[in-house]
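**Student:** Quick note, the sequences are listed as chains A and B, same order.
Heads up: the first sequence is residues 0 to 374, going by numbering that gives the first Met the number 0.
Heads up: the second sequence is residues 0 to 331, going by numbering that gives the first Met the number 0.
No false leads were slipped in.
Estimated spans, in silico, between C-beta atoms of each pair:
#1 A/Gln291 / B/Ala48: 50 to 58 Å
#2 B/Ile42 / A/Arg174: 28 to 36 Å
#3 B/Ala48 / A/Ala233: 49 to 57 Å
#4 B/Gly141 / A/Glu97: 47 to 55 Å
#5 B/Ala142 / A/Ile55: 28 to 36 Å
Coverage of chain B stretches by chain A, computed from C-beta distances (three or more under 8 Å per stretch; other residues unrestricted):
#6 123 to 131
#7 224 to 230
#8 292 to 303
To be clear, the hints were calculated from the coordinates, so they are not data collected in a lab.
Think of the CB as a built atom: it goes at the ideal place given N, C-alpha and C, for glycine as much as any other residue.
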Amino acid sequence: MDKKVPRSDIIETEIPMGTVHPAALEPYRVRFFVEDEIVQEAEITIGVNHRGIERIMEGLPVQKANALTEKICGICSNAHIWNSCRTAELGLGIEIPERAKYIRVIMGELERLHSHFLYLAHGCEVLSHETFSMRVFYLREIVMELLAMIGGNRVQYGCSVLGGVRPRCELDDARIERLKNDLNAIEEGLTGFVDRFLADSILLSRVTGIGVLPQKQAIELAVTGPSLRATGVARDLRTTMFEYDDFDFNVITQPDGDVKSNLVMRALESFESIKIIRQAIANLPEGKLVNQDWEMFDTDLSESYIEVPRGTLYHSYALESGRVRHCIIRTPSMANIGAMQYACIGDQITDAQLCIVQCDPCFTCTDRAIEIIRR
Amino acid sequence: MFSNTLLNSVVAVILTVLVCFVISTFLPGIERKYVHARIQQRIGPAVIAPGIMAPIKFMFKENVEISSPVPKLYKILPILCFIVVLCVLIALTPQAYKIPALASLVAIVGFLKVEEICYVLMGALSKSVMSVRMPFPDRVKGAAHLKAPLSFIEDISARRSLRMITYGSFPLYLALFAPVTAVRSIFLQDIVAFQQANGPFLFTVSGAIAAIVFFIGYMIILNEYPFSIIKAKSDVIEGPYMEYAAKYRAVVFITRGFFMFVLGAVFSVLFLGIPPNIFSWGILVNIIVALIFVFMMGIFSAFSPVFTNRQLLPTILGATLLGILSIVVGLL
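Based on the provided sequences and hints, a complete structural model is requested.
**Tutor:** Here's what the structure looks like:
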């Protein structure tokens, strides 16, 4: 596919949108440079939600710092605490009980389901198809209740702790039974939604060939996660994570890199998540939930990359006297901003917010970029 | 004798308008509560909320200073829209048939065009805070195209409204003139009399096709999904209405419900031959038609995404061809 070239010499008008706009779930500003309602270039500016969370974490005991990472994002809160615990565990050489690994995977996949459902619902909302949006939100509601059942909360579950998972997150028979039943309901609902969506020719005409991100461009822009897989690149960090060694699942890809590919890709990936959770339930090992047999010591830099619902999440820690000396967190949307700007080019301004949404932005947790000035 | 007749006519028109207006305030609520909310499996608002309670609430809100180059004109426009809709309803009442210049299709088309022009002016005169530049120079962040001329999102909606005047509402006007092919007169009195003698125009081939075209035009002129390109939430948000607050927004809300009813009444007159008249059972037909249109529109809009130009142009072209077909069939 040819690269889309911004016709930057023909700028008729600039139309700024945001920082507050109803099509955007979060505060960010985007400047569209348009010519006869066709976007020639787009520029996204974030920074409204900067909280300096890494700076707050420095000096905190590592357990408290882990809990704080959960506050970074409301959608992938579990992913943050999981990865921060994982980073510290890698640095301190802590062994994780098998049962805890499985429960972490279950929580991770449930979170992926609710994130993908939010994406589908928000996408339909930006398309102004409120009926489909509501239907997906109802499906998401089942997942949210499952997360609340395991973690005790609908948003901040606090599942992972150093050495395993919180005892609150134990999966007894009653919970497993409810998980099984609700997964069946989710699968049935999602199948119906996907069938209905793909049979709607009007809706397909709104999403097919819109916001195209060619594969070559996606790789150049270092796009990660589902947005990359929607361009045909089968790259999923779960295939390299030791937590997923026992699970059989497919890496879903779509060929076109447009809005339709992104929507379909996430819907199909949701089925894979259901498959993984079912395997985890069926083979849930017996044993303890937390390994408390470890000692704190000073560590040099330890790093961890995991696949979260929106791409690759990076955490790094350096510990000193049980406290965080250094911490850096890099969320997937940081890499995907370039893709969002690129995807808008050549499409109508009515589709522009859709093109941004297709890359699944989460700017609130991305607002942590710092410029390192080397002296 | 003449003064008695005139007084009776004025009283009849006033009563008809009042009854129609009261009923019209329920229509947006019926659409949202009994169509959208039922389809989307949620409770929805109270049926009187969108059409009655919201305008009352807005009436008592403090007005904000409107950001517009010509604020007075901008504030007058919703009131003008309401007056235009009122004039269309008055023209439809049988008492108005004694004034042929008012009770004719040309007058109705003229009123509807004024309504459409109001949208253009509203969009062009609105400069909301939703698309202003940040208070610091963009060059601090190394931004591109620092000197690009700035446009407001309402400007887009004004341009789109202009396009809708040019070709968007064409199907509606074709459908309005379809009964003329059978009656051979543009006066409402003749159209009503012809249908009362020969049966409703709706039940002819030409009438059935024109009714479909009318319904598409009805949704277009009401800016309802999927045709709401002039107020698409994904870019222009509320479009022409963005800056209206307090009592002005209340007028916008009231006008929308009233317009829904009046367009239903237009259909009743042109396709069924039953004008709105408080002293006739025929007004029940007007109410039923208005309700049917609201239900149909609600169902269509609940299952459609908003159209962009890519979908809008072929749809309008198709509806226009259908409208031409109905006229050709009518002439044959």
